[in-house]
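Undergrad: Chain by chain, the residues:
2 protein chains.
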Amino acid sequence: MRIDAVDFFYASLPTVTTAVDGSQDALLVRVRSGDDIGWGECEASPLVSIAAFITPPSHGACQPVSASVLGRRLDKPEDILAISADVAYRSMDVLQASHTYSGIEMALWDLLGKRRDVPVWSLLGYDRSHGRIPYASILFGDTPDETYDRAREIRSQGFVAAKFGWGPFGHGTPNDDAAHLFAARNGLGNDTALMVDAGQVWRTDVDAVRARWDALVDVDATWLEEPFTGSAFDAYAAISASTNPSRGPRLAAGEASHNPHMARHLIDYGKVAYIQIDTGRVGGIHPAYEVAQHADHGGVTYVNHTFTSHLALSAALQPYAGLRRHRWCEYPVALSPGAPPRPPRTRRRRPRLGAREARPRRHCRPRCAGAVPTRHTDHHRRTSGMGQRPMKIDEAFAALLDRVSSRSRHSPGPMFALVTSAGPWSPLAHRGPARTRRDNAPTEQKPGGSCSGWSPGNSAVQRG
Amino acid sequence: MRIDAVDFFYASLPTVTTAVDGSQDALLVRVRSGDDIGWGECEASPLVSIAAFITPPSHGACQPVSASVLGRRLDKPEDILAISADVAYRSMDVLQASHTYSGIEMALWDLLGKRRDVPVWSLLGYDRSHGRIPYASILFGDTPDETYDRAREIRSQGFVAAKFGWGPFGHGTPNDDAAHLFAARNGLGNDTALMVDAGQVWRTDVDAVRARWDALVDVDATWLEEPFTGSAFDAYAAISASTNPSRGPRLAAGEASHNPHMARHLIDYGKVAYIQIDTGRVGGIHPAYEVAQHADHGGVTYVNHTFTSHLALSAALQPYAGLRRHRWCEYPVALSPGAPPRPPRTRRRRPRLGAREARPRRHCRPRCAGAVPTRHTDHHRRTSGMGQRPMKIDEAFAALLDRVSSRSRHSPGPMFALVTSAGPWSPLAHRGPARTRRDNAPTEQKPGGSCSGWSPGNSAVQRG
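Sequence order for the protein chains is A and B. Here the numbering used here is used: the first residue of the first sequence is 1, the next is one more, and so on. Here the numbering used here is used: the first residue of the second sequence is 465, the next is one more, and so on.
None of these hints come from the bench; they were simulated from the model. All values reported here derive from a predicted model rather than from experimental measurement. Yeah, the Cβ is synthetic: ideal placement off N, Cα and C, and Gly gets one too. Treat the hints with care, as some may be off.
[As the list claims (entries may be wrong)] Chain A regions said to be covered by chain B (calculated; three or more residues, Cβ under 8 Å): (1) 12 to 22; (2) 39 to 46; (3) 53 to 64; (4) 87 to 97; (5) 199 to 207; (6) 247 to 259.
[Unchecked claim] Some chain A residues flagged as far from chain B (calculated, every beta-carbon gap over 10 Å): (7) Asp35; (8) Arg72; (9) Leu81; (10) Arg128; (11) Asp142; (12) Thr143; (13) Asn175; (14) Phe182; (15) Asn186.
[Claimed, not checked] On the chain A side, residues computed to face chain B include the following (Cβ under 7 Å): (16) Asp25; (17) Ala232; (18) Thr243; (19) Tyr269.
Could you put together the complete structure from these sequences and hints?
TA: Now the structure itself:
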């Protein structure tokens, strides 16, 4: 079978703020091959990524991603690897290409898994999938009090681990940062793991990290993530070499890797202890799998990097599904709920969760479901897989986005289209509930269910 | 003074082939601040790079490049460094941003140099500039005979060094490649340096390089460039460690570096002996300068990577202008002469040089001019600089491209706008010669003159 079409769907909140909240827009990818469809998601900057697919060529090594994808054979995993190699070669000078292709690659695996009725992790060679512990990923508050409140909220939701990042952290004094760290620790209590994401704020400044290290040790941080720019291996290695690995945090990084080499280098030269891979940037699922294998062999812990949709989350879990030791799963807990438009560039309190299904259940403490999401199901073809509820997001999502792209009078215009729930921010919800043939209520979820869907979660957005 | 405007000018041949000839399109950048103008050039994929400037933001760390540039202060070099840091931070998740910003950063230096009436290399801290030896950069022929012919042609033009790359090299057997290598050597004669560019063809396959090593030694190649993907440090290091540094080629790489860290890593971990930096990709002139300093301190030779216009070439020479030891200069000898449209994806004999001014003079053997291009001149403000002919490309090029962008009835539509000559492919030439107030013939050039202009060469495209 050939790849017949690749369609991109760009969705965005009406107003995007400068908060480092990656769920304010999204770029979904739909691949069609014969009667089969696969879905993927690119991270980040949707319009630039679309440009890298459709741009005219500059020369033979600067071709659009489309040149290596459309019309290609898609019968077996090796076909995906061949396409990936061609994209890397023919689009080597289009820097954005790896972000663009990441979502496509996901969709190719999704399609192949559905066609063969097997989970993607098995296509990768794993014989089973292991459970993961989700950690809530959330921003620091503007004040320590706000950070404390958020920590309490996270704890009340049943998480056993939380990662705080960005916001004011690193922009003030070491004492300012310590106040946020202790607020987070006090809010979480001593039985909840605390990770810290510095968001590259110190670039290459090793001393800035050293000035905060005692506080990080005191709050028993599990890791310090991205204190430096992603390529500053020397700086990472300097901290790794000068701190006690048995007491206090270890270093984590890797989200910016746009090929497996970059992630390997962070391990081999930067000496990080946790390698964090965004499947939507690194080139897709298989490059992430290569990194996971390298990490596993080197005693480094692989963690997914995910801050957008549950489609991305599910795809991000496949590469290390079969590796028991790597227990953490980044779980974006505060997805933008489509709040009313706000003026850009103002710092506002982050909106509360509006999407029920995006909120983990209390009973996902201490573990989110017994298995990582694995089964690619299609409502019309099968109704169960690996004990999970059937997926029907393909059709619902496609219908939703087709409506947008066709610019019909029903087009909701700019919107947030992360259709993981029927919460008040769902574009479809504003038009009254649509019904599938089988359901007339939001889909019941298994424990941790929203962490267990391939497409954007067990959607309650239903077909009309 | 503030940065008032950043304008992009995209120019392309009517038909772009899949030959790895980077001069088939170009993306020029014009920055305005008050009455001053600076020019730069981005490498590569013009429309994707433009998208990274104008895209709406996705979140605080995924902002368009414009968010960090427009309206900023531009009074001193430190202002440029501050803008660069903000681009790196605020656009950290827009992968294409560094390609986009590279051209802007060049233009900022150009503008500042003009405003202060000093060469950019002096703004970087150098107290003088040193001469360079240009090597002709050209593709392998489709057959060894064709490679031989090209080598003879290069030799006849007076070059003392030539780099052959891409084409069929690496796609056949080691014997096939050896035939091309010996053809190149025989054509050049024994008194001309020979470099070889493998164009990443073996990706990470160390054995493929070893199978060709004896032939590379036999033809006395100066370097082997990019046998592997740019991030495959292990593979580079494996070759560097297992070959004799005193006999045979050394490894060269670095053109894909889109920040200074990546280039440093190729030196520190990949153990390359030549680091090749494209100022239009690495983030601009100052990041390239950082790499040059690191290379110089580490005993590695810095070389510019340039295969587009002479604007890019001139900008590429500034970062190492003051470093005497680094003698080589990549000189793109076969810029596309605007050949008639050809069907894409067919392999054709490359067109002969059509642009007189893009062809180095015989007397540039053995050295192309006595000094690297240094002076930023403006026809209306001064008429000489460092002994070079006056530049007037700012006005000519701006007029040409304004005509395109305004979509007037005179718009030539898709075209090749690398206005380094008045050759038959010049869009303006098709409309009859335009005249400046001072000139009515192609500008006379000093020896190696086309290697000595800041903007796209000493253009003979003139204003009407």
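Undergrad: For every hint, state whether the structure bears it out.
TA: Status of the hints after comparison with the structure:
With 8 residues having a beta carbon nearer than 8 Å to a beta carbon of chain B, the region 12 to 22 of chain A meets the requirement of three or more and the stated coverage holds. Check result for the region 39 to 46 of chain A against chain B: holds, 4 residues qualifying (beta carbon to beta carbon below 8 Å, three or more required). Look at the region 53 to 64 of chain A against chain B: 9 of its residues bring a Cβ nearer than 8 Å to a Cβ of that chain, three or more, so the hint holds. Counting residues of the region 87 to 97 of chain A whose beta-carbon sits less than 8 Å from any beta-carbon of chain B gives 7, enough to reach three: the coverage restraint holds.
Residue count for the region 199 to 207 of chain A with a Cβ under 8 Å from a Cβ of chain B: 3. That meets the three needed, and the coverage hint holds. With a cut-off of 8 Å between beta carbons, the region 247 to 259 of chain A has 3 residues touching chain B; three or more are needed, and the interface restraint holds. For aspartate 35(A), the requirement that its beta carbon stay farther than 10 Å from each beta carbon of chain B is met, with the minimum near 30 Å. With 10 Å as the threshold on Cβ separation, the claim that arginine 72(A) sits away from chain B holds: the shortest Cβ distance comes to roughly 15 Å.
Distance to chain B confirms leucine 81(A) as a non-interface residue, since its nearest Cβ pair spans about 12 Å, more than 10 Å. The beta carbon of arginine 128(A) sits about 30 Å from the closest Cβ of chain B, which is more than 10 Å, so the claim that it is off the interface holds. Once the 10 Å rule is applied to beta carbons, aspartate 142(A) is consistent with being away from chain B; the minimum gap is 14 Å. The Cβ of threonine 143(A) lies farther than 10 Å from every Cβ of chain B, with a closest approach of about 18 Å, so its non-interface assignment holds.
With a closest Cβ-Cβ approach of about 23 Å to chain B, asparagine 175(A) is found to remain outside the 10 Å limit, as its non-interface label requires. At the 10 Å boundary, the C-beta of phenylalanine 182(A) stays outside the reach of chain B, the nearest C-beta of that chain being 25 Å off. Against the 10 Å criterion, asparagine 186(A) stays outside the reach of chain B, whose nearest CB is about 27 Å from its own CB. Satisfaction of the interface hint for aspartate 25(A) is found here, the shortest Cβ-Cβ separation to chain B being roughly 5 Å, below the 7 Å cut-off.
Interface hint at alanine 232(A): satisfied, since its Cβ lies 6 Å from the closest Cβ of chain B, which is below the 7 Å cut-off. Violation of the interface hint for threonine 243(A) is found here, the shortest Cβ-Cβ separation to chain B being roughly 22 Å, above the 7 Å cut-off. Annotation: tyrosine 269(A) was flagged as interfacial toward chain B, and the flag holds, the nearest CB pair being 6 Å apart, inside 7 Å.
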